[in-house]
Every structure is written in C-alpha cells, then in structure tokens.
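Novice: Given next are the chains, with one letter for each unit.
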Amino acid sequence: MRKKATTAGVPQAKANLRNRVVNQLERFGMLILIFLLLLVVPLSLDTFRLGLAAKYLCFAFPAVGIVLFWGYGGILSLGQGVFFGMGSYMMAMFLKLESAANPDSSSGTALAAFFGSAGLPDFMVWNSIEQLPWFWEPFHHVWITIPAIIILPPLIAFVLSYMNFRNRVSGVYFTIVTLAFAAIMAIVIIGQQGYTGGINGITDFKTFLGLDLDTSQAKYVMYYITAVLLVLAVFAGRFILKSRLGKVLVAIRDQEDRARFSGYDAAMFKAFIFAVGALFASVGGAMFTIQVGLASPSLVGIVPSIEMVIYAAVGGRLSLIGAVYGAIMVNGAKTFFSENFVEYWTFFIGGMYVFVVMFLPLGLAGILDRIRGAAKHNGRTDE
Amino acid sequence: MLAMQAFTGLSVFSILMLMALGLAIVFGLMRVINMAHGELMAMGAYTTYGTSLLFEAYFPSLMGIYFLVGVVLAFCTTFVFGYFLERSLIRFLYERPLDTMLATWGVGLILQQCYRQFINPRPVSVPTASWLQGVWQVTDDISFPMSRIFIIALAFVTALLVYLLLHKTRWGLLIRAVTQNREMSGAVGINQHRVDAYTFALGCGLAGIAGSSFTMLASTAPDTGQAYIVDTFIVVVFGGVESLLGTILSAAVIGQLQTWLEFYLSGSMARAGILLLVILVLYFRPNGLFATKVRR
Numbered sequence: 001m002r003k004k005a006t007t008a009g010v011p012q013a014k015a016n017l018r019n020r021v022v023n024q025l026e027r028f029g030m031l032i033l034i035f036l037l038l039l040v041v042p043l044s045l046d047t048f049r050l051g052l053a054a055k056y057l058c059f060a061f062p063a064v065g066i067v068l069f070w071g072y073g074g075i076l077s078l079g080q081g082v083f084f085g086m087g088s089y090m091m092a093m094f095l096k097l098e099s100a101a102n103p104d105s106s107s108g109t110a111l112a113a114f115f116g117s118a119g120l121p122d123f124m125v126w127n128s129i130e131q132l133p134w135f136w137e138p139f140h141h142v143w144i145t146i147p148a149i150i151i152l153p154p155l156i157a158f159v160l161s162y163m164n165f166r167n168r169v170s171g172v173y174f175t176i177v178t179l180a181f182a183a184i185m186a187i188v189i190i191g192q193q194g195y196t197g198g199i200n201g202i203t204d205f206k207t208f209l210g211l212d213l214d215t216s217q218a219k220y221v222m223y224y225i226t227a228v229l230l231v232l233a234v235f236a237g238r239f240i241l242k243s244r245l246g247k248v249l250v251a252i253r254d255q256e257d258r259a260r261f262s263g264y265d266a267a268m269f270k271a272f273i274f275a276v277g278a279l280f281a282s283v284g285g286a287m288f289t290i291q292v293g294l295a296s297p298s299l300v301g302i303v304p305s306i307e308m309v310i311y312a313a314v315g316g317r318l319s320l321i322g323a324v325y326g327a328i329m330v331n332g333a334k335t336f337f338s339e340n341f342v343e344y345w346t347f348f349i350g351g352m353y354v355f356v357v358m359f360l361p362l363g364l365a366g367i368l369d370r371i372r373g374a375a376k377h378n379g380r381t382d383e
Numbered sequence: 001m002l003a004m005q006a007f008t009g010l011s012v013f014s015i016l017m018l019m020a021l022g023l024a025i026v027f028g029l030m031r032v033i034n035m036a037h038g039e040l041m042a043m044g045a046y047t048t049y050g051t052s053l054l055f056e057a058y059f060p061s062l063m064g065i066y067f068l069v070g071v072v073l074a075f076c077t078t079f080v081f082g083y084f085l086e087r088s089l090i091r092f093l094y095e096r097p098l099d100t101m102l103a104t105w106g107v108g109l110i111l112q113q114c115y116r117q118f119i120n121p122r123p124v125s126v127p128t129a130s131w132l133q134g135v136w137q138v139t140d141d142i143s144f145p146m147s148r149i150f151i152i153a154l155a156f157v158t159a160l161l162v163y164l165l166l167h168k169t170r171w172g173l174l175i176r177a178v179t180q181n182r183e184m185s186g187a188v189g190i191n192q193h194r195v196d197a198y199t200f201a202l203g204c205g206l207a208g209i210a211g212s213s214f215t216m217l218a219s220t221a222p223d224t225g226q227a228y229i230v231d232t233f234i235v236v237v238f239g240g241v242e243s244l245l246g247t248i249l250s251a252a253v254i255g256q257l258q259t260w261l262e263f264y265l266s267g268s269m270a271r272a273g274i275l276l277l278v279i280l281v282l283y284f285r286p287n288g289l290f291a292t293k294v295r296r
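Protein chains in written order, with the numbering used here: chain A, 1 to 383; chain B, 1 to 296.
Simulated from the structure, these hints should not be mistaken for laboratory data. There's no promise every hint is true.
Said to hold, decoys possible - Here are the in silico distance ranges between beta carbons for each label pair:
| # | chain 1 | residue 1 | chain 2 | residue 2 | range |
| --- | --- | --- | --- | --- | --- |
| 1 | A | M268 | B | S268 | 45 to 53 Å |
| 2 | B | L277 | A | S262 | 34 to 42 Å |
| 3 | B | L277 | A | N127 | 23 to 31 Å |
| 4 | A | R49 | B | G186 | 53 to 61 Å |
| 5 | A | N127 | B | F118 | 52 to 60 Å |
| 6 | B | F284 | A | L245 | 26 to 34 Å |
| 7 | B | E56 | A | R168 | 53 to 61 Å |
| 8 | B | P60 | A | R49 | 55 to 63 Å |
| 9 | A | N127 | B | A218 | 23 to 31 Å |
Said to hold, decoys possible - Calculated cross-link-like contacts (lysine to aspartate or glutamate; reagent style DMTMM-like; alpha-carbon spacing at most 25 Å):
| # | chain 1 | residue 1 | chain 2 | residue 2 |
| --- | --- | --- | --- | --- |
| 10 | A | K334 | A | E130 |
| 11 | A | K334 | B | D99 |
| 12 | B | K168 | B | E183 |
| 13 | A | K247 | B | E262 |
| 14 | A | K55 | A | D257 |
| 15 | A | K219 | A | D369 |
| 16 | A | K219 | A | D204 |
| 17 | A | K247 | B | D99 |
| 18 | A | K242 | A | D257 |
| 19 | A | K206 | A | E130 |
| 20 | A | K334 | B | D223 |
| 21 | A | K334 | A | D46 |
For each residue, glycine too, the CB sits at the ideal point set by N, CA and C.
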C-alpha cells in the first residue's frame, strides 16, 4: 500500500480529477436530468421528435419502478407491462368515451348515429355491442379515471404480490407468476374484442378534457406534464430508498431470512415496493396513451414486459436516473433501427440482454461506479 | 364424444409433457431458467423440416421414415447447441438465476431473428409420412388420427428413456449426485462442470424432440417457440420442480383441464383460465401441486 502511494504521484492527480468529475456527475445527476428534460429536449427538437421523446419518457416510468423492486427489492417482474397496460387502457377508455360523446369530432360516430348507438366507442359498434359494458361506465368522468389510474394498479399489484410473498413464492417462481399474468392480460384483451378493441387496441382519440390532442400546443403541454411526473417519480424513488424503508428493503434483498427473524414483515415490504413500481408503470401507461394515441395489447404482453426490464438493466439496475437514460437509449435505438434496417433490431436487443447480463450487470451506472471505485481506491492509498 | 374429448386431452398432455420434460430437467435439476427453450423447440422443428427437404431431394424412396431420422437429428442439433450455450453463457450465471432468464431471453430473440432471416420468415410445414396420415377408426363415431397416436407414443417413449437415463445409468447417477449435493459430489471426484454441461444439453435436446413432433401438428414459424414458453413453465412450476413425475402428472392435469375448458369456453379464454388456475394453486401450494418435500 505504502509503496503505491509513493509512486502514484501523477496518476493520483488524474484520479482526483476523475473522482471529482464523477462525484459532481452523481451529485448533479438529478439537476442534469431536469435540465435535459425540461429545457434541452423541448427547445431543441421539432414536434415530431418531441413526440418520440415523450414516448420514450413514458417507457422510463416502468423502468424506474423496475429499478426499485428489482435492483433494491430483489424481485424480478416480467409482467410490468400488465400495470403499464392497466394505466394505458383506463386512460384509453376515458379518451374514447370523450371522443364518442362529441359526434362531430369522431369519424366512427357517423356510423354510430346511423345505427342509433351514439356515444358508444366505434369498435363496439363494429362488434355489434349495443350497451356500454358496466366496467366502462365509470370512465365517463375524469375525476374517477385519474384516481383509478393511480389507485387500482398498485392495489392489484399489492394484493397479488403480497399473497405470493406471504406464501414464500419468491425468486424465479414469482417471476414466472408475473410472466403468466402478462400472458393472461394479453390473451384476455385480444380475446374480448368487443369490450377491449382486441388486437387493434383502442385508438383514434380526439380530445383530452376539450384539449385537441393533435395541436402542437397540446403536445408541449403533455410533454411537460410527462417530464415533470417522471422527475417526481425519480424523486419519490430516491426518497423511498433513502428512508429507513429503503434500508430494510435492501436488507431483505440480501438476507431475507435474517430480516424476517429480526421482526420485519418481509412480504409486506416487498409487496409495497412492487406496488410502487406498478403505480409508476400505470402513470407511464396513461401518459403514453394520451400522447401516442393508442392502447394496445402489444404493450401488455410478455415481450414488451421483458423489454421494460432491459431499459432498467441498460441504465443500471441500481440507478433510478440510469433507468430514465436506459429507456431513452433503448427506445432511441429501436427507432433508429426501425427507420434504417428493421431486421437487425431483434438481433440488437437480443444481444443487448446477453451483453448487459454478462459484461455490464450494473449497466451504464455501473461504469460510472467503476471509474469512481478506481478513483476511490487510489485515493485511499494516499492516506 | 367423451372418448374423443379424453383422447384430445391425452394428446395435449403428451405435447405438454414433451415440452416440459426438457425444461423440468434444466429447471428442476439445475435451477436454471431457460427462456430460450421455445426457440430450441423451433430449432428442432426446423431441423426436421430440413431433414424432410433433404430426403425429398436425395432419398425420395425413404420418405416414409424421414420423420424418425428428423427426430434423432433434431435431438442431436439442439443437444450440441445446448452444450455450447452452457459452456459459453449459462455456466457464468449459476449464481444469478434472474439474470439467466434475461440472458436466455436474449439468446431466444437472436435465434428467432436467425430463423426469420436465414430460413424463412413465413411458416413452414413438413409433409406427413403416408403411414401417419391415416385414421384409426375404432367405431363409427370414434376415430383417432395416427399422427396424434404417434406423438403420444413418442412422448411416452421419451419420458421412459429419460427416466431410465436418470435412474438406471451411471450418467444419471452423476447428474442426481451433483443436483443433490454439489460440493460433496465435487469432493468425491465428479467433474461437475462436465455434468452441468451435459445435463443442460440433454434438456435442450428434449426440447428438440418436442419441436420435431410439433411439425406433425402445425406449421413452424420463427416465433412459434415464444407462444409455448409460458405454458411450458407453468407445467413445470405447477407440478413442482423437484420431480419429473410431478411434471408428468401436472402435464396430464393441465392437458385434460385445457381440453375440457376449451369445450365450454373459447380457446383463448381457456388458456387464460388455466393460467389463472395454476397461479391460484401456487398460492396454496407454493412448491407445486405434486411436491413431496415440505421441508425447504
């Protein structure tokens, strides 16, 4: 140790600089993120690219949730798309009913008026359903829809996961259960075409609370709402992790039995963090539907659910901010590939899973950590 | 009618069993979740497809037995692939089961795209051998297609072979030893890494057989495997990962249930119902329905 200290004169200075840069990055990571999301992105992109950015940010919500329960709770869910889909579909139901209620703004309603079923969503008319199903009724009102988006998915996530965790269904078993849920939801949505829009999903929305969604003004408003909500989600995640609850969670992740013997209800903690993840996913899904104008089973099933895990994995499973960058980068890559050579996208993302797991288990944030770790190590020899 | 239903159930059961056997070995004995299992089935199916093309071109007189050759070749291909997959990827991840899921999912996606790009993006199907095209007419109302009977026979023979391999041969002894006590088996001089590699390869090979037999029922598309993966997992988890017998029993239960539910509900709703039911059962029996061990 001492020997190193005497010889490490010049690299030391370099390491210190590096150390400082990385520390600043970490300290100001949040500020940089806010700066990027609220100023750089909206000011530098045209409306089309802004829409894409907004879409990517929506996918960052479930990714932030995955960091919370995967990175810190040790629970891997391959069914995050279920909750994303719940938020997405609830918002879609509201938007669809609003569009259907304003006849002159919706193309399908001329047909609906002809069949005497005005006020019904167009796809129900096509499937010859004459009465609005009961579970659509509450979504006439925005003040039921928004609380439902915030409360229902976490509640369902909590109940489902608590029952599992209490019976010590954990690890890969729980993961398979989440996989099954993703499969069930996709199957039901596709199977019940008359009630859910089937494989085509629910689409063709006009307004949100009277705001025409096609105008660029609406696009900016929605982008800002999404960005602010995302920053709030990251802050909330940070708050949870910094609190005692977060520490207990990590303890449960590393030594579940020991934490349980110390008197903590491990199942409760794990179910709670899983529910938080579901909440974020649901909000992301709702914002997605408003901005992209689509709720689709292709965002619910197994494939998209597992894709959401890669967002968190690329950014770093222990980094909330990393999840945001991960979601933006993976989705950016997806857009890039589908614009240029679509056939290589699957190769790319498949390779990504293998590469990240094998060589970058802590993702991009892990690279930062490694640089800082090296710097720290050098710093210690100094003493 | 009743007999037909039961037969369909038996047929679904044999397919589920074929799919789940390989996974049960890899998951139950090695605790590795292979999400690429479905793609390995597709690999077996494509191997059979390739064999049929080969026979058509060079030995048209032997078309009758090409399928048997195809099954063997499918096993060999996936066995070799599984061996190299274990050596190059899986063995580094034994300590991280959740990460294994992600990595193997990635492998599955890559395989899928390979099929799409290098074989055929559209579904392919194989010719059925003439002796499998017939129908066994039991009575006027009851008739069983020969191909289904063949698959049922194949499934049972495979299950029997796996049982014999695991319980009556030296290799099986080694596999069980490593499974039960890794450190101790290492201490008495068993090369665990070799056993791991061959066990994994065996599981993959069984996927190949399953895929091969699928070609007789349906055409093979690049994403065929993905459609089956959840059902396969569910069968294994439902039966309890400890025993092969549990897997076989659970395949029987799920196969029959699915058939009967499909009789009353639409096909997709029946699938959803099965999944839901299995999840419910897991609440009450987290170790699986047929797990004998209570101790953990």
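Novice: None of the hints should be skipped; say for each whether it holds.
Specialist: Verification of the hints:
At about 35 Å, the CB distance of A/M268 to B/S268 disagrees with the hint of 45 to 53 Å. For B/L277 paired with A/S262, a C-beta distance near 36 Å keeps the hint of 34 to 42 Å intact. For the pair B/L277 and A/N127, the supplied restraint of 23 to 31 Å holds, since their beta-carbon distance comes to about 28 Å. Distance hint check for A/R49 and B/G186: the Cβ-Cβ separation is about 57 Å, which falls inside the suggested range of 53 to 61 Å.
Between A/N127 and B/F118 the beta carbon distance is about 40 Å. The supplied range of 52 to 60 Å is therefore violated. Between B/F284 and A/L245 the beta carbon distance is about 30 Å. The supplied range of 26 to 34 Å therefore holds. Between B/E56 and A/R168 the beta carbon distance is about 54 Å. The supplied range of 53 to 61 Å therefore holds. For B/P60 paired with A/R49, a C-beta distance near 58 Å keeps the hint of 55 to 63 Å intact.
Taking 23 to 31 Å as the suggested C-beta distance range, the pair A/N127 and B/A218 conforms, at roughly 28 Å. Distance restraint check for A/K334 and A/E130: the Cα-Cα separation of roughly 40 Å exceeds the 25 Å cut-off, and the hinted pair is therefore not satisfied. With a C-alpha separation of about 22 Å, the suggested pair A/K334 and B/D99 falls inside the 25 Å cut-off, and the hint holds. Annotation: proposed proximity of B/K168 to B/E183 holds, straight-line Cα distance about 23 Å (limit 25 Å).
Pair hint A/K247 plus B/E262 does not hold up; C-alpha atoms about 48 Å apart against a cutoff of 25 Å. With a C-alpha separation of about 41 Å, the suggested pairing of A/K55 with A/D257 is violated against the 25 Å cut-off. For a cut-off of 25 Å, the pair hint linking A/K219 to A/D369 is broken: about 37 Å separates their Cα positions. Distance hint between A/K219 and A/D204 is fulfilled; the C-alpha atoms sit about 16 Å from each other, no more than 25 Å.
Distance restraint check for A/K247 and B/D99: the Cα-Cα separation of roughly 23 Å lies within the 25 Å cut-off, and the hinted pair is therefore satisfied. For the proposed pair A/K242 and A/D257, the alpha carbon gap of about 22 Å is at most 25 Å, so the pair holds. Distance check on the hinted pair: A/K206 and A/E130 sit about 22 Å apart at the alpha-carbon level, within 25 Å; holds. Restraint check for A/K334 and B/D223: satisfied, since their Cα atoms lie roughly 19 Å apart, inside the 25 Å limit.
This hinted pair checks out: A/K334 and A/D46 have alpha carbons roughly 19 Å apart, not beyond 25 Å.
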